[in-house]
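Protein chains: 2
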Amino acid sequence: MIYNLDFLNELKRRSNDVNTALDRYLPEVSAYPGVIYEAMRHSVFAGGKRLRPVLALAASEVLDGSPDDIIPAACALELIHTYSLIHDDLPAMDNDDLRRGQPTCHKKFGEAIAILAGDALLTLAFNLITRCARVGSVTSDGLLTVVAEISEAAGVYGLVGGQVLDIISSSENIDAESLEYIHRNKTGAMYRASLRTGAILSGAGGKDRQSLTQYAEHLGMAFQITDDILDLLGDEKTIGKPVKSDIKNNKATYPALFGLNEARRMAADEAENSIRCVSQYGEKADFLIELVKFVIQRSY
Amino acid sequence: MIYNLDFLNELKRRSNDVNTALDRYLPEVSAYPGVIYEAMRHSVFAGGKRLRPVLALAASEVLDGSPDDIIPAACALELIHTYSLIHDDLPAMDNDDLRRGQPTCHKKFGEAIAILAGDALLTLAFNLITRCARVGSVTSDGLLTVVAEISEAAGVYGLVGGQVLDIISSSENIDAESLEYIHRNKTGAMYRASLRTGAILSGAGGKDRQSLTQYAEHLGMAFQITDDILDLLGDEKTIGKPVKSDIKNNKATYPALFGLNEARRMAADEAENSIRCVSQYGEKADFLIELVKFVIQRSY
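From first to last, the protein sequence lines are chains A and B. Counting in the numbering used here, the first sequence runs from 1 upward without gaps. Counting in the numbering used here, the second sequence runs from 1 upward without gaps.
None of these hints come from the bench; they were simulated from the model. Heads up, the beta-carbon is just placed ideally off N, CA and C, and yes, glycines get one too. Incorrect hints may appear among the rest.
[As the list claims (entries may be wrong)] Listed next, with one range per pair, are the computed distances between beta-carbon atoms:
hint, chain 1, residue 1, chain 2, residue 2, range
1, B, Gly206, A, Val135, 58 to 64 Å
2, B, Pro103, A, Asn173, 23 to 29 Å
3, A, Asn4, B, Arg131, 39 to 45 Å
4, B, Arg265, A, Gly203, 54 to 60 Å
5, A, Val135, B, Asn95, 44 to 50 Å
6, A, Asp68, B, Val29, 40 to 46 Å
7, A, Gly282, B, Pro103, 43 to 49 Å
8, B, Lys207, A, Gly203, 45 to 51 Å
9, A, Asp175, B, Gln210, 41 to 47 Å
10, B, Phe45, A, Asp6, 53 to 59 Å
11, A, Gly203, B, Asp97, 32 to 38 Å
12, B, Leu257, A, Glu180, 51 to 57 Å
13, A, Leu257, B, Gln210, 57 to 63 Å
14, B, Asp23, A, Asn173, 31 to 37 Å
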């Protein structure tokens, strides 16, 4: 695969900025009782591309907002992502031992602390949103709308709903519609909320919000189909978690349902549609466009 | 015990109003995928006195706010309480089979769905806050402050932090300070947030907020000490959950640490202090005062 090296460096720079902010917002492990702070930090800093906060900040940039003013809200998206991974990995769910090359939260801290670390991160996420300064286009009204959007995306009509269907389905009884439901909710909803967070807090009107929402929906699908392909073909060391876990867990996937070639074509289609949704922003959308290409070409 | 019957009827009337609202806010079980809505409703409607929403609405009343305008935020407090019970009951935590006379969520729906039902209720709580109408003293600024207060009270510096210490402590290694930490956070923080939600959304100033905060802190302690006594002496059928579970689970309690008589005296002291904090509101505080008396005299 040939990546755009400038883009990779830029993504890394932006991820590092997010990491610096996350480190500031997460309580020190010296706080009492320490084990929960340790568990939260273990999972948040186990790696990860920080795509959700990076997307929120990039949306703000494209719409001439002030990305610096919305960093707490951007970080909230990552905390919700991390909480969902911690709970998904639990023995009662996917029962995974490794995540991003490290022991999962419950493997290291036990199930009780892992459940509570997830709960704490989800709760802290909503607290972080309220810490955005009310300056420029970032208003109390806008922040309250963001609380509404993110809580909808993370709840039963989004992330949780997708995970529920994922848990109760298996590869034998699933159809294309259910598979799409899972991914539209489990991955798509939070991508959508990420772009919309950036748009809302930039004071963007309905048309811009809609363009970025559609960009996010296609990007989410492209990401998820690629994830399924990577689980089938990827290298365990590069990805940082066991491959072929979908087969092991009897999970439905795009390659299993449509075949590898068709799945690849679907990911490419979604990517193309995603890029089309932001083409009207010209050069300002370069980063968002390169990010789509990265998402379907990545090996991790 | 002799209760004030008028108060009991009034409490019941108010709890019923909260139940009606909760029923409106919780998705129908006919929604897809149904099992998660069923699990959420099972736990929310398994009973419960609805003290937290009732307290938020009563605070609004005392401060001449508009209780009707803040019902969604009041219900949010109950959803967070229910989520915390679902997660506390899990096998990895207290491993309880019964709650309010009904099978616990994981007993009925399995662990995975119980974890997700808790996650969904916590997330929905923050969504509900945003649904309060912005009228009168209920402003976007106020609602955002409530999101901040409730997320702080429910997080590592409150509910989750208390539960963590409860999990890692046992009756052998706990001292009075740690026991107070557990209860101040596990129960107290959400009582505090309940009263403060009502106060903030009534546009109350610092002095009123402080009085109701202190009322809540003493009430929370009175409630928790009484809970410990009920677990030791109460009737399983009346309480709706197994008694002596604290001894079974090797949990520290006030009667165990201080003796039954001293625990009773402590509860009475906390109740008296609580009542003193709202005496300046005269007749308007009658309900809050009767509620304190009920909390230490109740048999369930």
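Hint-by-hint comparison with the structure:
no.	hint	in the structure
1	Gly206/B with Val135/A: 58 to 64 Å	violated, 25 Å
2	Pro103/B with Asn173/A: 23 to 29 Å	holds, 27 Å
3	Asn4/A with Arg131/B: 39 to 45 Å	holds, 44 Å
4	Arg265/B with Gly203/A: 54 to 60 Å	holds, 58 Å
5	Val135/A with Asn95/B: 44 to 50 Å	holds, 49 Å
6	Asp68/A with Val29/B: 40 to 46 Å	holds, 45 Å
7	Gly282/A with Pro103/B: 43 to 49 Å	violated, 59 Å
8	Lys207/B with Gly203/A: 45 to 51 Å	violated, 36 Å
9	Asp175/A with Gln210/B: 41 to 47 Å	violated, 58 Å
10	Phe45/B with Asp6/A: 53 to 59 Å	holds, 56 Å
11	Gly203/A with Asp97/B: 32 to 38 Å	violated, 52 Å
12	Leu257/B with Glu180/A: 51 to 57 Å	holds, 56 Å
13	Leu257/A with Gln210/B: 57 to 63 Å	holds, 60 Å
14	Asp23/B with Asn173/A: 31 to 37 Å	holds, 32 Å
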